[in-house]
Amino acid sequence: MFKPMLRGSACALKAVSVRAAFRPVAAASFVSPIRFYSSSLNKDEISSRVIDVVKSFDKTTASASITNDTHFAKDLGLDSLDTVELLVAIEEEFDIEIPDKVADEIKSVGEAVKYIESNPEAN
Amino acid sequence: MAKRLSGLQREVLQMYRQCIRAAHDKPKANQPNFVTHIRKEFRQYQDLPRKDFSTIEHLLRVGHRRLEMYSQPEVKDIH
Numbered sequence: 028m029f030k031p032m033l034r035g036s037a038c039a040l041k042a043v044s045v046r047a048a049f050r051p052v053a054a055a056s057f058v059s060p061i062r063f064y065s066s067s068l069n070k071d072e073i074s075s076r077v078i079d080v081v082k083s084f085d086k087t088t089a090s091a092s093i094t095n096d097t098h099f100a101k102d103l104g105l106d107s108l109d110t111v112e113l114l115v116a117i118e119e120e121f122d123i124e125i126p127d128k129v130a131d132e133i134k135s136v137g138e139a140v141k142y143i144e145s146n147p148e149a150n
Numbered sequence: 027m028a029k030r031l032s033g034l035q036r037e038v039l040q041m042y043r044q045c046i047r048a049a050h051d052k053p054k055a056n057q058p059n060f061v062t063h064i065r066k067e068f069r070q071y072q073d074l075p076r077k078d079f080s081t082i083e084h085l086l087r088v089g090h091r092r093l094e095m096y097s098q099p100e101v102k103d104i105h
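Protein chains in written order, with the numbering used here: chain A, 28 to 150; chain B, 27 to 105.
Hints are computed from structural coordinates only; laboratory data are not their basis. A virtual CB, placed ideally from N, CA and C, is assigned to each residue, including glycine. Check each hint, because a few of them may be wrong.
Calculated cross-link-like contacts (lysine-lysine; reagent style DSS-like; alpha-carbon spacing at most 25 Å) [as the list claims (entries may be wrong)]:
#: 1; chain 1: B; residue 1: Lys66; chain 2: A; residue 2: Lys82
#: 2; chain 1: A; residue 1: Lys128; chain 2: B; residue 2: Lys77
#: 3; chain 1: B; residue 1: Lys66; chain 2: A; residue 2: Lys134
#: 4; chain 1: A; residue 1: Lys141; chain 2: A; residue 2: Lys101
#: 5; chain 1: A; residue 1: Lys128; chain 2: A; residue 2: Lys70
#: 6; chain 1: B; residue 1: Lys66; chain 2: A; residue 2: Lys86
#: 7; chain 1: A; residue 1: Lys82; chain 2: B; residue 2: Lys52
#: 8; chain 1: B; residue 1: Lys54; chain 2: B; residue 2: Lys66
#: 9; chain 1: A; residue 1: Lys101; chain 2: B; residue 2: Lys66
#: 10; chain 1: B; residue 1: Lys52; chain 2: B; residue 2: Lys102
#: 11; chain 1: A; residue 1: Lys70; chain 2: A; residue 2: Lys141
#: 12; chain 1: A; residue 1: Lys101; chain 2: A; residue 2: Lys82
#: 13; chain 1: A; residue 1: Lys134; chain 2: A; residue 2: Lys82
#: 14; chain 1: B; residue 1: Lys66; chain 2: B; residue 2: Lys102
#: 15; chain 1: B; residue 1: Lys54; chain 2: A; residue 2: Lys82
#: 16; chain 1: B; residue 1: Lys54; chain 2: A; residue 2: Lys86
#: 17; chain 1: A; residue 1: Lys86; chain 2: A; residue 2: Lys128
#: 18; chain 1: B; residue 1: Lys52; chain 2: A; residue 2: Lys86
Reference excerpt, derived from the structure (chain B facing chain A, CB under 10 Å, subset only) [said to hold, decoys possible]:
#: 19; residue: Gln35
#: 20; residue: Arg36
#: 21; residue: Leu39
#: 22; residue: Ala49
Pulled out of the complex, with its shape left as it was, chain A reads as follows (with noise of 0.2 Å):
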């Protein structure tokens, strides 16, 4: 009376075995809809693309040594209308909009290549 029984279970518990041992073979062979981000940007590329960015505003005064350290209002003259277009100038240099509270607080190079290095959707 239980051998059938015990059968029909030994049964069902192939057919688990099985169903599971396809599963990971099938999910594998979907490709995953993950994003991927471009990781190509280092913190030299950045810094040198914002420096770039920093020369070629027209309201910089001092543009013969823009480094890391150099800050927008001391070290270049400008006021917080000329960091506001000059940081617009660099969300388009990197395709990216940068929220107003984080924008008020960058005042130098060095505080916009540290934003930039930590956004992923920078390119």
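Go by the hints and put chain B onto chain A.
Just chain B now, kept in the frame of chain A:
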């Protein structure tokens, strides 16, 4: 400059940012015209006392309306 900005000052800066961004959506050749216009409009009131709230708020309101008008895609150039 090192002083912390007041809420109203930040509002003006955000408005300036919106304007500059809107200018960058215009045809490439005319973008400098928009930027000079924006600069002129903001610099005109640069020396307004920072305590003159009612005037600044009024200018902000007017500015938002004009920004809305100028950011229409039909507006291609400005003089």
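Each hint tested on the structure:
In summary, the hint linking lysine 66(B) to lysine 82(A) is supported, as the alpha carbons are separated by about 22 Å, within the 25 Å threshold. Using a Cα cut-off of 25 Å, the hinted pair lysine 128(A) and lysine 77(B) holds, with the two alpha carbons roughly 23 Å apart. The straight-line distance between the Cα atoms of lysine 66(B) and lysine 134(A) is roughly 23 Å, inside the 25 Å bound, and the hint therefore holds. The suggested pairing of lysine 141(A) with lysine 101(A) holds, with an alpha-carbon distance near 19 Å, which does not exceed 25 Å.
Note on lysine 128(A) and lysine 70(A): the hinted pairing holds, with a Cα-Cα distance of about 23 Å set against a maximum of 25 Å. Restraint check: the Cα-Cα separation between lysine 66(B) and lysine 86(A) comes to about 14 Å, which is no more than 25 Å; the hinted pair holds. Between the alpha carbons of lysine 82(A) and lysine 52(B) the distance comes to roughly 23 Å, so the proposed pair stays at or under 25 Å and holds. Restraint check: the Cα-Cα separation between lysine 54(B) and lysine 66(B) comes to about 20 Å, which is no more than 25 Å; the hinted pair holds.
The hinted pair formed by lysine 101(A) and lysine 66(B) meets the criterion: a straight-line CA distance of about 23 Å does not exceed 25 Å. For the proposed pair lysine 52(B) and lysine 102(B), the alpha carbon gap of about 6 Å is at most 25 Å, so the pair holds. For the hint pairing lysine 70(A) with lysine 141(A), the CA-to-CA distance comes to about 8 Å; that is within 25 Å, so the pair holds. Between lysine 101(A) and lysine 82(A), the direct Cα distance comes to roughly 16 Å. Compliance with the 25 Å bound is thereby established for this hinted pair.
Taking the CA atoms of lysine 134(A) and lysine 82(A), the gap is about 16 Å. The hint holds against a cut of 25 Å. Distance hint between lysine 66(B) and lysine 102(B) is fulfilled; the C-alpha atoms sit about 19 Å from each other, no more than 25 Å. Our distance criterion of 25 Å between C-alpha atoms is met by lysine 54(B) and lysine 82(A), whose separation comes to about 20 Å. Annotation: proposed proximity of lysine 54(B) to lysine 86(A) holds, straight-line Cα distance about 20 Å (limit 25 Å).
Annotation: proposed proximity of lysine 86(A) to lysine 128(A) holds, straight-line Cα distance about 24 Å (limit 25 Å). Restraint check for lysine 52(B) and lysine 86(A): satisfied, since their Cα atoms lie roughly 21 Å apart, inside the 25 Å limit. A least Cβ separation of about 8 Å between glutamine 35(B) and chain A falls short of the 10 Å threshold, and the interface hint therefore holds. A least Cβ separation of about 6 Å between arginine 36(B) and chain A falls short of the 10 Å threshold, and the interface hint therefore holds.
The beta carbon of leucine 39(B) comes within 6 Å of a beta carbon in chain A, closer than 10 Å, and the hint placing it at the interface holds. Interface hint at alanine 49(B): satisfied, since its Cβ lies 9 Å from the closest Cβ of chain A, which is below the 10 Å cut-off.
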